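**Student:** Each chain, letter by letter, is given below.
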Amino acid sequence: DQQVKQNSPSLSVQEGRISILNCDYTNSMFDYFLWYKKYPAEGPTFLISISSIKDKNEDGRFTVFLNKSAKHLSLHIVPSQPGDSAVYFCAASAPDMRFGAGTRLTVKP
Amino acid sequence: DAGVTQSPTHLIKTRGQHVTLRCSPISGHKSVSWYQQVLGQGPQFIFQYYEKEERGRGNFPDRFSARQFPNYSSELNVNALLLGDSALYLCASSPGLAGGRETQYFGPGTRLLVL
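Residue numbers (our numbering), protein chains in the order written: chain S, 1 to 109; chain G, 1001 to 1115.
Hints in this document: simulated from the structure, not taken from any laboratory.
Be aware that a few hints might be false.
To be verified - As a list, the in silico EDC-like pairs of lysine to aspartate or glutamate whose alpha-carbon atoms are at most 20 Å apart:
no. : chain 1 : residue 1 : chain 2 : residue 2
1   : S       : Lys54     : G       : Glu1102
2   : S       : Lys71     : S       : Asp96
3   : G       : Lys1052   : S       : Asp96
4   : G       : Lys1013   : G       : Glu1075
5   : G       : Lys1030   : S       : Asp96
6   : S       : Lys56     : G       : Glu1102
Since the structure is predicted, the reported quantities are computational estimates derived from the model, not experimental observations.
Modelling step: build the complete structure from the supplied sequences, incorporating the hints.
**Tutor:** This is the structure we're talking about:
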């Protein structure tokens, strides 16, 4: 029962360009959303979050957008850097966390 | 300050055996959650413990159990191991009991292989 879906398993962008990672969810009871990134051999690291009462949250190069009517959220990274290359997980809380399958981002120099 | 630590880092077991995984949360954190990450999928919630009590349970069979100790460290136990239990087991800690609304800090995980 995948309530959080990341339909793109991988994404490749050029350094300096924008990276857009997408996430869809099905459960309207989710009220808090998070993005984590994961490097090999490490646990996921918290990146940014957004409450369901907001539609945008920004932290430096990272912005998360939430479209509740479409049950869709996205993570924008601008500008992308090679160090951003990692697997990015979208997660939703209600209140236990449900994760998507992840998107592997590769930023090419 | 030390982050979340987990032991062992890797483990190989055979079907039917029992395994115990350990987790030490960040100092001052009272909540510990366990997740299973199968290859190619995202982490799946197993348990959350807060103040030594179970506060949440995911859709896992009774072969999975956990406990939290007075120092807030935690153990995850899996009995009668199946091949499908092969996964990365992640532990996450957070200061209190706000569920996923509180930032959870993950350890590096224990990779379990069941043969």
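**Student:** All the hints need checking, so say for each whether the structure fits it.
**Tutor:** Structure-based check of all given hints:
Of the supplied pair hints, the one linking Lys54/S and Glu1102/G holds, its CA atoms being roughly 16 Å apart against a limit of 20 Å. Pair hint Lys71/S plus Asp96/S holds up; C-alpha atoms about 18 Å apart against a cutoff of 20 Å. Of the supplied pair hints, the one linking Lys1052/G and Asp96/S holds, its CA atoms being roughly 17 Å apart against a limit of 20 Å. A distance of roughly 17 Å separates the Cα atoms of Lys1013/G and Glu1075/G; the hinted pair therefore holds under the 20 Å criterion.
As the CA atoms of Lys1030/G and Asp96/S are separated by approximately 16 Å, the hinted pair is consistent with the 20 Å bound. Between Lys56/S and Glu1102/G the alpha-carbon distance is near 18 Å, which keeps this suggested pair within the 20 Å criterion.
Checked against the numbered hints listed earlier, the structure breaks none of them; every hint is satisfied.
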